[in-house]
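Chains Y and D are the protein sequences, given in the same order. With our numbering applied, the first sequence closes on residue 129, and no number is skipped along the way. With our numbering applied, the second sequence closes on residue 129, and no number is skipped along the way.
Derived from the structure by calculation, the hints contain no laboratory data. This structure is a prediction, so every number in the text was calculated from the model and none was measured. Don't take every hint at face value.
[To be verified] Between beta-carbon pairs, the in silico distance windows are:
| no. | chain 1 | residue 1 | chain 2 | residue 2 | range |
| --- | --- | --- | --- | --- | --- |
| 1 | Y | PRO94 | D | PRO118 | 47 to 53 angstroms |
| 2 | Y | ARG74 | D | HIS48 | 35 to 41 angstroms |
| 3 | Y | ALA63 | D | ALA29 | 23 to 29 angstroms |
| 4 | D | PRO108 | Y | GLY69 | 22 to 28 angstroms |
All C-beta atoms in this analysis are idealised placements derived from N, C-alpha and C, irrespective of residue type, glycine included.
One-letter residues, chain by chain:
Number of protein chains: 2
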Amino acid sequence: MTTEPIVLTEALATFDTLWSPRIVARVNAYDVRIAKVAGEHVWHAHDHTDEFFLVLDGELRIALREPAGERTVRLTKGAVFTVPRGVEHRPYAPEGAAILMVEPSGTPTVGDRHDAVPGHVDVTTGPRL
Amino acid sequence: MTTEPIVLTEALATFDTLWSPRIVARVNAYDVRIAKVAGEHVWHAHDHTDEFFLVLDGELRIALREPAGERTVRLTKGAVFTVPRGVEHRPYAPEGAAILMVEPSGTPTVGDRHDAVPGHVDVTTGPRL
């Protein structure tokens, strides 16, 4: 990895693929990834890890299937939220968004359990920028 | 912790103390902390963990004592940088800044080794917001 700071807006400008995270930093065995998103991701769950989201631009919604039922959280620009491990969730962004995520290195974008993955969703553990 | 998203600008508006991180989210055994900073922190090192920085507002500089010598990285708004474990560093922000950090829960703000801690620097592992 680079040993110089990375400006996230500049990093986001280097790619256009949606739902295809790029690693911008590491913290011990965790990756910090950024992604451009629009439309719907897929219902999935990470059985062994929480997943942290920060919205850099636009608005992200995350549908959650919790024991009490299904609900949706709405993250405006500059909002943070952690999806707890094991919780089925489906991120989506009707108007598009740029997001930052923190999760263990090697965590697949579609989790350990998921619905059929549509063609526009990249199944990846996040290549480096 | 709350199970609703937290808007970072609103979270930052709830406190004024400088160099005194507040935990806004957890990711497994890691904390996501935010802080308002201005002036100088203290030279310190974390022997067992990297430390991730994202600048939310303003500009942060981090002086680093690396094997090749001392240098300073400058993080403008929206820039990210990870200080590797073991590297002595001193964050400072001549004009003030708001920052987000990711590190293992329980990591003290002044690391495992540090210079004398000035009164304006809070020695904490980050209380919840």
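Quick rundown of the hints versus the structure:
no.	hint	verdict
1	PRO94/Y with PRO118/D: 47 to 53 angstroms	48 angstroms, holds
2	ARG74/Y with HIS48/D: 35 to 41 angstroms	37 angstroms, holds
3	ALA63/Y with ALA29/D: 23 to 29 angstroms	26 angstroms, holds
4	PRO108/D with GLY69/Y: 22 to 28 angstroms	40 angstroms, violated
Consistency note: the structure conflicts with earlier hint 4 alone.
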